[in-house]
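Peer 1: Listed below are the residues making up each chain.
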Amino acid sequence: MGVEGIGARVVRKEDKRFITGKGRYVDDIKLTGMSHAYFVRSPHAHAKVKGIDSSAALKMPGVVAVLTGKQLVDDKVGNLICGWAITSKDGSPMKMGAWPAMAPETVRFVGQAVAVVIAESKNLARDAAEAVVVDYEELPAVADMHAAIKAGAPQLHPEAPGNQVYDWVIGDEGATDAAFAKAANVVKLDVTNNRLAPNAMEPRAAIADYDAAEEHFTLYTTSQNPHVARLVLSAFYNIAPEHKLRVIAPDVGGGFGSKIFIYPEEMVALWASKKVGRPVKWTGDRTEAFLTDAHGRDHVTHAEMAFDANNKITGLKVKTYANFGAYMSLFSSSVPTYLYATLLSGQYNIPAIHAEVIGVYTNTTPVDAYRGAGRPEASYLIERLMETAARQLKVDPAQLRRTNFITQFPHQTPVIMAYDTGDFNASLDAAMKAIDYAGFPARKAKAKADGKLRGLGVSCYIEACGIAPSKAVGSLGAGVGLWESAEVRVNPVGTIEILTGSHSHGQGHETTFCQLVADRLGIPISQVSIVHGDTDKVQFGMGTYGSRSAAVGLTAILKAMEKMESKAKKIAAHALEASEADIVIENGEFKVTGTDKAIALPMVALAAYTAHNLPDGMEPGLKESAFYDPTNFTFPAGAYICELEVDPGTGKTSFVNFVAADDFGRLINPMIVEGQVHGGLVQGIGQALLEHAIYDANGQPVTASFMDYAMPRADDVPSFNLSHTTTLCPGNPLGIKGCGEAGAIGASAAVINAITDAIGKNNLEMPATPDRVWRTIHAA
Amino acid sequence: MYQTTYHRASSVDEAVSLFGKSSEAKFLAGGQTLLPVMKQRLAAPSDVIDLARIKDLIGVEASGDTLTIKAATPHYDVATSDTAKKAIPALAYLASLIGDPAVRYRGTIGGSIANNDPAADYPAALLALGATVKTNKRSIPADDFFKGLFTTALEDGEIITAVSFPVPAKAGYEKMRHPASRFALTGVFVAQTKSGEVRVAATGASQNGVMRVPAIEAALKANWSPSAIDSVSIPASGLLADIHGTAEYRANLVKVMAQRAVAAAG
Ligand SMILES: Cc1cc2nc3c(=O)[nH]c(=O)nc-3n(C[C@H](O)[C@H](O)[C@H](O)COP(=O)(O)OP(=O)(O)OC[C@H]3O[C@@H](n4cnc5c(N)ncnc54)[C@H](O)[C@@H]3O)c2cc1C
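Protein sequences, first through last, are from chains P and F.
So in numbering that gives the first Met the number 0, spot 684 of the first sequence is number 683, and the numbers just go up one at a time.
So in numbering that gives the first Met the number 0, spot 259 of the second sequence is number 258, and the numbers just go up one at a time.
In case anyone wonders, no lab produced these hints; they're calculated from the structure.
Check each hint, because a few of them may be wrong.
As the list claims (entries may be wrong) - Pairs of lysine-lysine residues, derived as BS3-like cross-links and limited to a Cα-Cα distance of at most 27 Å, are as follows:
hint: 1; chain 1: F; residue 1: K38; chain 2: P; residue 2: K21
hint: 2; chain 1: P; residue 1: K558; chain 2: P; residue 2: K470
hint: 3; chain 1: P; residue 1: K121; chain 2: F; residue 2: K25
hint: 4; chain 1: P; residue 1: K651; chain 2: P; residue 2: K447
hint: 5; chain 1: F; residue 1: K38; chain 2: P; residue 2: K58
Said to hold, decoys possible - Derived DEER-like restraints, expressed as beta-carbon distance ranges:
hint: 6; chain 1: P; residue 1: D449; chain 2: F; residue 2: T150; range: 38 to 44 Å
hint: 7; chain 1: P; residue 1: D449; chain 2: F; residue 2: G63; range: 39 to 45 Å
hint: 8; chain 1: F; residue 1: E154; chain 2: P; residue 2: F705; range: 32 to 38 Å
hint: 9; chain 1: P; residue 1: D210; chain 2: F; residue 2: D55; range: 27 to 33 Å
hint: 10; chain 1: F; residue 1: A43; chain 2: P; residue 2: K88; range: 51 to 57 Å
hint: 11; chain 1: F; residue 1: F149; chain 2: P; residue 2: N424; range: 58 to 64 Å
hint: 12; chain 1: F; residue 1: S16; chain 2: P; residue 2: P60; range: 30 to 36 Å
What the hints assert, rightly or not - Covered stretches of chain P, going by a simulated chain F footprint (3 or more residues, C-beta under 8 Å):
hint: 13; region: 613-623
hint: 14; region: 691-702
hint: 15; region: 705-714
hint: 16; region: 766-773
All values reported here derive from a predicted model rather than from experimental measurement.
All residues carry an ideal CB built from backbone N, CA and C; glycine is no exception.
Start from the sequences, fold in the hints, and give me the full structure.
Peer 2: This is the structure in structure tokens:
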């Protein structure tokens with residue numbers, strides 16, 4: 000490890016511009032002649048749009064145009080798609096309700112756009128939007144999943160009778176039933192996984208710029224995957240062919256999944272830019288973010304776990320209802336199916352699993368992937384079940400887990416996933432040591448004497464990351480491959496540009512990716528720069544989500560580096576009159592091993608570009624690219640233990656300690672990894688204690704601002720005690736598993752297990768607000 | 000439609016005269032309530048008259064048995080004022096619990112009580128301490144000032160200049176923070192005056208805004224101790240209920256916060 004190589008805690012290169020306010024986000028970009036869009040949005044959860052009168056708005060100062068959903072449909076702009084086909088147990092395809100980017104006839108959630116005003120400034124557009132008169136005929140709405148599937152419920156889409164998207168199953172039902180028939184004990188649990196609003200710091204934004212002479216569009220957008228955006232906009236929405244559409248995702252202020260998807264607003268901006276012949280900018284505000292950014296989670300589950308007389312798990316049955324909101328967002332269908340049910344084995348040997356997932360439409364904001372996407376829901380369910388089982392079977396919760404841990408790898412679960420490696424006992428040992436598990440009873444007794452209820456909760460999570468092997472996801476219905484691409488350009492002076500299809504929106508790629516290069520070549524990271532987020536600069540790539548950028552994206556860079564190094568060695572060998580096999584790379588030099596003969600990287604690069612003296616037949620230049628398709632998912636895993644106190648008078652929870660022992664395989668930059676874990680844990684704790692996107696029975700959002708939606712603040716969370724136990728991932732050459740989502744996946748179960756331990760009652764829904772905890776304590 | 004004209008008044012008299020000249024004026028202090036409401040377009044004043052730079056409206060002073068906080072004094076100044084901490088520590092502590100640092104640097108006591116949010120902190124202190132609200136026209140006892148949700152005894156164009164608090168024998172404040180906004184989910188201010196009177200006020204609890212709590216006052220008058228409140232029962236009827244707290248929970252909080260405030264008061 001060099002000072003800036005793999006494993007070094009290098010300070011983030013990008014932070015100088017972020018901390019000094021020099022980041023360049025979409026809203027910072029100003030184009031000549033730019034106009035501004037403001038959307039007219041439905042105040043109703045369900046209504047017919049009987050007419051739109053724009054005449055008054057068109058007369059307002061500075062108004063350029065008022066465009067409606069009907070015009071959009073007339074211009075044959077395609078409906079939004081869902082890119083992962085799921086098949087119901089009866090063999091029928093999932094039921095897709097049509098989703099036009101602006102509603103021409105029917106609105107199905109509060110905030111859905113029906114028209115857009117384009118004006119000289121955002122405020123003028125907003126003023127005029129208030130003057131657009133929309134004639135709505137209100138329809139009965141349904142926001143609750145269980146109400147939505149009842150007979151006689153308001154129906155959202157003619158394509159989806161009973162508001163059902165799909166009824167999907169996985170696993171072996173017969174084997175699972177047989178396991179339950181023979182079970183010594185059965186543990187049952189009902190859990191709700193609360194709906195969350197993602198709330199990236201930067202709201203979504205888009206600038207569309209149509210060049211009529213070239214018939215070419217440029218879109219600046221807040222995207223985690225600009226190439227995927229271009230592909231979808233071209234292939235499905237009829238905006239422009241790919242070579243006539245450039246998508247740029249500049250600095251992006253957080254995504255957490257919510258910026259994977261292609262939203263109506265950027266589609267409308269592109270279409271409108273051509274219609275009005277000017278660049279069109281839209282910047283969402285926080286209210287629009289609450290109303291229109293895809294929400295996360297929102298499951299209701301009944302689960303049962305069978306045990307034999309030795310407390311070994313013999314079977315698991317799960318039935319989950321997943322709320323998709325009013326429309327199927329881009330990857331939504333995969334979240335409660337292949338990203339959820341395939342992780343239901345947790346860290347445990349479970350011989351038989353059967354799960355059924357019923358997707359439901361409701362008059363609420365669409366739901367899609369949010370940090371962890373399906374895996375937090377699976378992990379929360381399994382870890383709540385294990386804790387419940389330990390209480391019911393009267394065994395130590397850590398011991399019950401150990402009794403059931405998978406210890407032999409590779410391990411094929413009954414739900415598709417084949418775990419490649421891990422050491423679950425090692426992470427649990429580390430976490431138990433860090434929290435002084437053995438000393439807990441004494442601490443609990445002391446707290447009791449002080450009038451506090453102290454609890455301890457364990458959560459042993461596993462997730463499938465590094466998504467994903469293209470062939471595997473293709474066979475499961477994915478509409479895309481999930482490989483990654485990279486290009487290494489060594490400039491004639493020896494500096495290096497790495498072009499990657501990954502996208503950094505807070506992850507620190509500009510630092511970690513350079514560290515790999517620094518490690519291999521022995522050069523400082525200042526000589527390397529990372530280029531990403533522009534479809535005109537970077538070849539096709541798949542973007543950043545699912546903790547994939549290091550495991551997949553960085554491996555692609557490694558592959559390209561290997562090709563580049565091989566060529567550079569040939570050039571060096573030629574120049575040094577040595578054998579290629581004897582060339583080693585050290586400290587930025589190509590050396591003949593065992594001698595003092597060497598040539599520096601810039602000289603090799605210069606030789607490649609002057610091409611005065613290259614080996615016979617060699618092409619000039621020093622630039623290589625690679626595509627890397629992983630062979631398996633990666634399986635980060637770990638153990639989190641939370642110790643906390645509940646104030647019985649108020650139900651308020653205070654953390655005493657929170658320890659996390661993660662196995663992420665190889666760490667490139669431990670400091671950045673810790674930051675990722677901190678953020679993830681805070682989101683998991685936020686879900687457990689604070690966050691909840693709520694609708695009333697008529698589909699009106701109750702939590703559409705930070706005055707009502709409780710985002711975690713620094714003083715809501717403890718200082719974290721982090722450690723790592725490492726098994727290298729065998730699936731990629733760097734041994735990386737990924738760390739971006741772990742915290743959000745594992746934390747909430749630890750918190751709820753701890754609170755329920757403290758109060759001595761097992762059933763407690765998230766978020767465990769003081770009110771809810773107090774009522775649970777005092778319930779009969 | 001949403002255009003507004005900003006005026007920076009240099010004296011109370013100038014502010015009053017500017018107010019008289021505009022069609023739909025609003026005074027601006029810290030802007031922590033008015034500006035969000037304007038941004039949401041729920042208020043559209045023709046003129047905004049800034050009071051926050053009027054020197055006479057800023058400062059914390061003690062004289063004899065009275066602590067005076069001038070209307071445009073930010074919460075942060077009160078929370079950190081040695082004068083306030085010495086005279087009525089519970090009041091400085093209350094100011095330190097308002098919102099977050101950004102809100103405390105900007106928001107003012109005058110703006111807070113003029114707005115009279117049912118979950119604001121200062122109204123509880125004014126009521127429990129028997130404070131007097133000073134305006135450019137008159138003095139209004141706290142008992143007559145708060146008139147229910149977002150309503151006060153202020154007349155159109157009347158400017159609060161200061162609030163004067165009699166220094167109590169004992170006082171304490173405890174607050175359960177609203178998890179999202181950090182206003183009071185319920186907060187209780189308890190005070191024992193130098194003449195032995197006990198006054199208790201709860202905020203964030205009642206559907207009618209800040210309220211006195213006679214049952215707790217009576218219990219504490221008999222025995223100034225947290226345990227004196229054990230047997231008091233607070234009915235849930237008439238209390239606020241929302242996603243962050245049921246009426247029953249708030250009724251419980253009135254009691255528990257009162258007990259803790261008494262414990263803090265000593
Ligand atoms: C995120 C957030 C959290 C908050 N948390 C809390 C909390 O925990 N507890 C709490 O108590 N408050 C809280 N507040 C409110 C805060 O305390 C504000 O300071 C207060 O509501 C208004 O004071 P201001 O000085 O900002 O007034 P402004 O917003 O400037 O004005 C508010 C109203 O008062 C009028 N006004 C202002 N000054 C005078 C005056 N001298 N005479 C007559 N009328 C006047 C204005 O015309 C306007 O109608 C919070 C606010 C925010 C934004």
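Peer 1: Run every hint past the structure and note whether it holds.
Peer 2: Hint check results:
Among the hinted pairs, K38 of chain F with K21 of chain P is consistent with the structure: their alpha-carbon atoms are about 26 Å apart, no more than 27 Å. For a cut-off of 27 Å, the pair hint linking K558 of chain P to K470 of chain P stands: about 20 Å separates their Cα positions. Using a Cα cut-off of 27 Å, the hinted pair K121 of chain P and K25 of chain F holds, with the two alpha carbons roughly 25 Å apart. For the given pair, K651 of chain P sits about 15 Å from K447 of chain P by alpha-carbon distance, which is consistent with the 27 Å threshold.
At roughly 24 Å between alpha-carbon atoms, K38 of chain F and K58 of chain P fall within 27 Å of each other, so this suggested pair holds. Between D449 of chain P and T150 of chain F the beta carbon distance is about 43 Å. The supplied range of 38 to 44 Å therefore holds. Between D449 of chain P and G63 of chain F, the C-beta spacing of about 41 Å keeps the proposed range 39 to 45 Å intact. A hinted range of 32 to 38 Å for the beta carbons of E154 of chain F and F705 of chain P is consistent with their spacing of about 34 Å.
Here the CB-CB span from D210 of chain P to D55 of chain F is close to 60 Å, at odds with the stated 27 to 33 Å. About 56 Å separates the C-beta atoms of A43 of chain F and K88 of chain P, a value consistent with the hinted range of 51 to 57 Å. Range check, F149 of chain F to N424 of chain P: Cβ separation about 59 Å, and the 58 to 64 Å hint holds. At about 32 Å, the CB distance of S16 of chain F to P60 of chain P agrees with the hint of 30 to 36 Å.
Using a Cβ-Cβ cut-off of 8 Å, 0 residues of the region 613-623 of chain P lie near chain F, which falls short of the minimum of three, so the contact claim is violated. Counting residues of the region 691-702 of chain P whose CB lies closer than 8 Å to any CB of chain F gives 4, so the stated coverage by that chain holds, three being the minimum. Counting residues of the region 705-714 of chain P whose C-beta sits closer than 8 Å to any C-beta of chain F gives 7, which meets the bar of three, so the coverage hint holds. With 4 residues bearing a CB less than 8 Å from a CB of chain F, the region 766-773 of chain P meets the requirement of three and the coverage assertion stands.
In summary, the structure is inconsistent with hints 9, 13 from the numbered list given earlier, while agreeing with the others.
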